[in-house]
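Visitor: Relying on the hints, combine the two individually framed chains into one complex.
Quick note, the sequences are listed as chains A and B, same order. Take the first sequence: its letter number 157 is residue 249 in my numbering, and every next letter is one higher. Take the second sequence: its letter number 50 is residue 1275 in my numbering, and every next letter is one higher.
What the hints contain is simulated information worked out from the structure, not anything from laboratory work. Please note that a few of the clues may not be correct.
Mimicking EDC-like on lysine to aspartate or glutamate, the simulated pairs with C-alpha atoms at most 16 Å apart in a straight line are [unchecked claim]:
1) B:Lys1476 / B:Asp1498
2) B:Lys1528 / B:Asp1548
3) B:Lys1250 / B:Asp1295
4) B:Lys1251 / B:Asp1235
5) B:Lys1304 / A:Glu299
6) B:Lys1360 / A:Glu397
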Amino acid sequence: MAGGAASGGSVAADTYAKARHWLLAPSWLVLGFFVFAPVCVMLIYSFLTKEFRGGVIWEFSLAAYDQFFFDRGLFGDAEPTLQWTYISVFWRSIWQAGLATILSLLIGFPTAYYIATRPEGSRAFWVFLVTIPYWVNLLIRTVSMKFLLRDEGPLNELLINIGLIGDPLHIINTNLAVQLGLFYSYLPFMVLPIYASIERYNFTMSEAAADLYATKWTTLRRIILPAVKPGVIAGCILVFVPSLGAFLAPDLLGGAKNFMIGSLIEEQFKGNAGNWPFGAAASMVLLTMVMIILLIFARQQRRAEAQS
Amino acid sequence: MLDHVEIAVDVRSAVKRYGDFTALKKISLSIQDNEFFTLLGPSGCGKTTLLRMIAGFEDVTEGGIMLFGDKIETLPPHKRPVNTVFQNYALFPHMSVLDNVGFGLEMLGKSVPEARKRAAEMLELVQLSQFAQRKPAQLSGGQQQRVALARALAPSPKVLLLDEPLSALDMKLRKAMQIELKHIQRETGITFIFVTHDQEEALTMSDRIAVMSAGALQQLGAPREIYEHPRNMFVADFIGDTNLLEVSVDKIVEGRAYCQLGGNHTLTCNAVDDVGVGAKVHLSVRPERLILSEQATQAESLKGTVVENIFIGTDITTIVNLDDGPQFTVRTSNSDRGTKRLIAPGSPAFVNMETGAARLLVD
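Chain B on its own, in the form it takes in the complex (with noise of 0.2 Å):
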C-alpha cells in the first residue's frame, strides 16, 4: 500500500548522548512527503532534540537520518535542504523584512534582486506585503511569526521544521495561525514536521503524530487512532482527558475482557493481545463518551453519587464517585441537550458507557 509513497525523512535507529544523558533512545520512523507531521510530548522528552538532529544542529550520536533517500546526518546545517521556523523566530534585527525572507536565496547564490523578487512573493503568501521594508522589531509577535515561515519558506525547502513556532502566540492568534498553518502546508506540498507539547494542536494540525515521552516513541499514528487507541498509559493521559482506572482482569469469553473495577463493580471491553485473565492493568475511558442517568440504563451502568457540577465554557464537566469504587468524570456538551439532564451534587446517578468506550492499556 505504501509503495508509492516516498519517504522525505527517515531516521533510523537514532540515538542522542549527552555524556551520560540518553536524549533519544533509538528511535526509528519514517515521515512520508507531502505530510504535516507531528512530534508531540512533554518538554524534554526529546522531540526538540530529534528535531535540531535533522536541521544538523546536533549530531547524532549512533543511528542515521536519511533525506528523500541521502544520508544527511554528517552534513552541516548549511548543506541541508530543510528550513527551520524556531521557537523564538530568530530573525536578524538590523535586516527589513524583506532582506530576512530572502537571505536564504540569496545564500544559495541567488541575486539580489532576484532574491527579493521570491521574498515579496513569500511576504504575500503570509499577507505581510506591506511590511516589507520594516524592521522584524516593528512588527507584532504573530507578524514575526509569519515573517520567520516566509523566510524559511523562500528557498522551497524539502522539509520544513517548526519548532514550536505557536507557543508564544496568545490563544485566538494560536489558532488562526493553526489554520493558516494547515493551508499552507497544503498549498506548497512541503513536507512540515512540526513541534509541539500542546496536544490540542497536535490533534488539529497534524496528518500523523508520534508521541514521545523520556526519550523513546511511544505512539505513532493519525490523530484519531492516537486519540482513541492510545496504546499505553502515557499516551492515553497525555492526549486528551481520560479516566484512568487501575482494573484487574477476571475472565476473558469472546474477546471480551470482564474487568473488576473495585467496590463489586465490573464493566467488559474488548480484550488485548497483551492483557490476560488475571492481569491488574489500566483502563481509560473519554469522559465524553459517558453518559449519566438518573436509572440505570444498561446492565453495566455502574452506580454513584454526584460530587460536583463544573461548568467549563462548551461543556459540563460531572464528577461521580461510585459507590465503594473509583472516581469517574463525565463531559456533557453544555447544551439543551445536555444540561438538562445534570443531576444535583448528592444525588445518586448511574454511569454508561459507549459500545467500544472503554480500553484497556498495556503500561
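With the rest of the complex left out, here is chain A (with noise of 0.2 Å):
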C-alpha cells in the first residue's frame, strides 16, 4: 500500500513539475530580457570601437580595457604602466560603499531590533515609517539633502546658531557628503531584512541566557546576532551593492573630485562626450568586483557552516 502511494505520489509530482517549470517562466523571460541580454551587450559593447559622438563602430577592440587598466602616455606610444586614475575611483567606490554598509548597519541594527520588539499590532506602523523616504524619489531626496548640508544650509545655520561652531562646516562635495547621501539612500534596505529575522527570532532564547547568566551584551553577540544572521548579511548585500554602483549621491553631493564609478559609467553615456564601450568595460570590471565579493562571502558562509 505504501509503494501505491508513493508510485501515485511520483506521478502527481511530475505533473507538478512540469507545471512548476511553466510558472517560473515569465519570470525567466523578465530576467533574460532585462537582466541576461543587457550585460550581454555591455560585454560586447566593451569590446567594440568607440564612436565619437557616442555610440560603436562594429570593430573589435582592446581599447577600452587598455584605457581602464593601462597609461601609455599623452600621445599613446609611451610605455604602458598601470592606470591609477580608474582604479582609484574603484578604490573609492568600495570604501564608501563599505563604510555605508557599516553604517547603516550600526543605525539599522537597534532600529530593526526596536520595531521588532514593539507589541505586535504596531510594528507594521513604524515599518510603514521607515519605507516613508521611498514616496520620495531619490534624485528629489539628494537634492535636497545637497541643500542641507550647504556651506550656508540649515544644518550649518543650526550648528552655528546653538553656538557648537563659528565658522560654517564645509560637508558638500565632500567625501562625507557621499558618505551621508548612500549611508540615507539605502538605510531602509538594511532596517528591513533585518527586522524580519529578528521578528521571527525566539525572544525566550534571551531569557533563557539571561537566566544563565549571561549579560545584556553577551546575549546580543552569542545569541542574537548569531540567530538573525542571514536577515543581517541579506541587508548587508541589499546596502553594499547599490552603494557601489551608485551615482546620485556622489553626483549631487560629492562633485567632481569625489565621484565613484557609477557616476563614472554615467558619464560615459551621457550627451556626446561619452565613450561607450570604455563605460561597457567599467561597467563589466564593476559587475566582476560585485560577483567576487558575493562569491567570497557565499563561500565563506559555507565554510562556516560545514564547521559547526
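Guide: Here is the structure:
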C-alpha cells in the first residue's frame, strides 16, 4: 500500500514539476530580457571601437579595457604603466560603499530591533515609517540633502546658532557628503531584512541566556546575532551592492573630485562626449568585482556552516 | 517542628499587576530547601507569572521574594542563582548540545574546557552523552527536553524552576520523564519549583502542591492532603474527579453534620468549622470511595437507578440517579472484584459511602 501511494505520488509530482516550470517561465523571460540580454550587450560593446559622438563602431578592440587599466602617455606611445585614475575611483567606491554598509548596520540594527520588539499591532506602523522616504524620488531627496548640507544651509545655520561651531562646516562636495548620501539612501534596505529576521527570533532564548548568567551584551553577541545573521547578511548585501554602483549621491553631493564608479560609467553614456565601449568595460569590471565579493562571502558562509 | 528546615524561596505578599489587571493577588508562600514544590492551576491562574517573578523575568509590583534569606526581587535574571527549564526548551540552535549545557558555566567565568567537562557530566546524568556534538534540531522532543534540563542543572542552581516542561511530550514519555525528574531531584538535592496545569502530574511528583486559581493561592499541602481534604470547591473540582453535591445542613450533633441532599436523601459527614446549621454548601465525594450494591448495606445507603456503565480501561464508571435526587458517579476498579458486581442500566442500586469519604466544602 505504501508503494502504491509512493508511485501515485511521483506521477503527481511529475505533473506538478512540469507545471512549475511553466509557472517560472515569466520570471525567466523577464530576467533574460532585462538582465541577461543587457549584460550581454554590455559585454559585446566593451570589446568594440568607440564612435566619437557616442555609440560604437562594429570593430573588435581591446582599447576600452586598455584605457581602464593602462597609461600609455599623452600620445599613446609610451611604455604602458598601470593607470591609477580609474582604479582609485574604484577603490574609493569600495570603501565608500563598505563604510555606508557599516554605518547602516550600526544604525539599522538597533532600529530593526526596536521595531521587532514593539507590540505586534504597532510594528506595521513603524515599518511604514521606515518606507516613507521611498514615496519621494531618490533624485529629489538627494537634491534636498545637498540643500541641507550647503555651507549656508540649515544644518550649518543650526550648528552656528546653537554655538557649536563658529564657521560653517564644508560638508558639501566632500567624501563625507557622499557617505551621508549613500547611508541615507540605502538605510531602509538594512532595516527591513534585519527586522524580518528579528521578528522571527524566539525571545525566550534571550531569557534563557539571561537565566544562564549572560549579560545583555553577551546575549546580543552570542545568541541574538547568530540567530539573525541571515537578515544581517541580506541587509549588508542590499546596501553594499547598490552603494558601489551609486551615481546620484556622488554626482550631486560629492562634486567633481569625489565621484565614484557609478558616476564614471554614467558619464560615458551621457550626451555626445561619452565613450560607450569604455563605459561598458567599466561596467563589466564593476560587475565582476561584485560577483567576486559575493562569491567570497557565500563561500565563507558555507565553510562556517560546514565547520559547525 | 520546622525549626531546622531551611526556607529556599520565601514569597512575601507578592503582587503582580499589569495596568488594571491583577495577575497575582498578594501571594505568600514558603518553599523548603530540597523540596519538589509544584504550582498547580488552570491556565491564567498566575502560576507561570509567579515562576517568572522568581526567575526575574517579571517585576514584582508589590511585596518581595527571598532566596535563602537574600532579597532577590530587584536583581536582574542573570544575577539570580536560579535556573529555568523553559516550556519550549529555548535551546540555542546554533550551538552543539554540549555547548548549550556548558553555556551557563562559561558565563559564570569557567574556562571552556572546564565548562565542557561539567557539561559532559550533566549529559551523562540525563543519558545523552552520545548526542553531545549534535545540534538541538537533530534531537527528538524528549531529548531536547533533557538537554534543557541538563543545561539548567549544570551551573548547580540553588533552585531549579520548571515551566510546564513536560507539556509538549506524548503521554508515555511524559510519565517516564515524571519519574526521572523526581529521581534527579532526589539525586541532586536541588529545590525544584515545578509549574503545571496537569493535576495528575502534580500529584505524582510533588512533595507539596500549591493550588492556584484566579491569581490567588487556594490551598497548599502535600498531594494526599490536597486530594483527600480539599479546602474549597475549586480545589475539590480541579484535583481529580469528584461528585459535587449541593446540600443543606439540617443539624450538627457531636461533630457530625446531617446533610439534606434533596429528594429525602440524607447523609452524615464530619462537620467543619465554617459551616453551621442551615448553611447551603457543597459536599464532595470522590467516585472511587463509593460502593454500589443491589441491597442496602448501610443505614445511609442512597437508593437510585443505574443509568450507564462506562468502560475506561483500568476502571469502570457507573452513573447513578438517586430517586428524585442528584446524580452520582461511582468508580469501580476493572478487576474480578469490581466487574462481577456491575449492575445493569435501568436496575435499582444503592450508593454506599466509605467512612470519611464525604467532605463539606467552604465555597
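Visitor: Hint by hint, say whether it matches the structure.
Guide: Verification of the supplied hints:
For the given pair, Lys1476 of chain B sits about 14 Å from Asp1498 of chain B by alpha-carbon distance, which is consistent with the 16 Å threshold. Among the hinted pairs, Lys1528 of chain B with Asp1548 of chain B is consistent with the structure: their alpha-carbon atoms are about 6 Å apart, no more than 16 Å. Taken as a hint, the Lys1250 of chain B and Asp1295 of chain B pair is broken in the structure, with Cα atoms around 23 Å apart against an allowance of 16 Å. About 13 Å separates the Cα atoms of Lys1251 of chain B and Asp1235 of chain B, which keeps this hinted pair within 16 Å; it holds.
Restraint check for Lys1304 of chain B and Glu299 of chain A: the C-alpha separation of about 13 Å stays at or below 16 Å, so the hint holds. For the suggested pair Lys1360 of chain B and Glu397 of chain A, the alpha carbons sit about 12 Å apart, so the restraint of at most 16 Å is met.
Violated hint: 3 only; the structure is consistent with all others.
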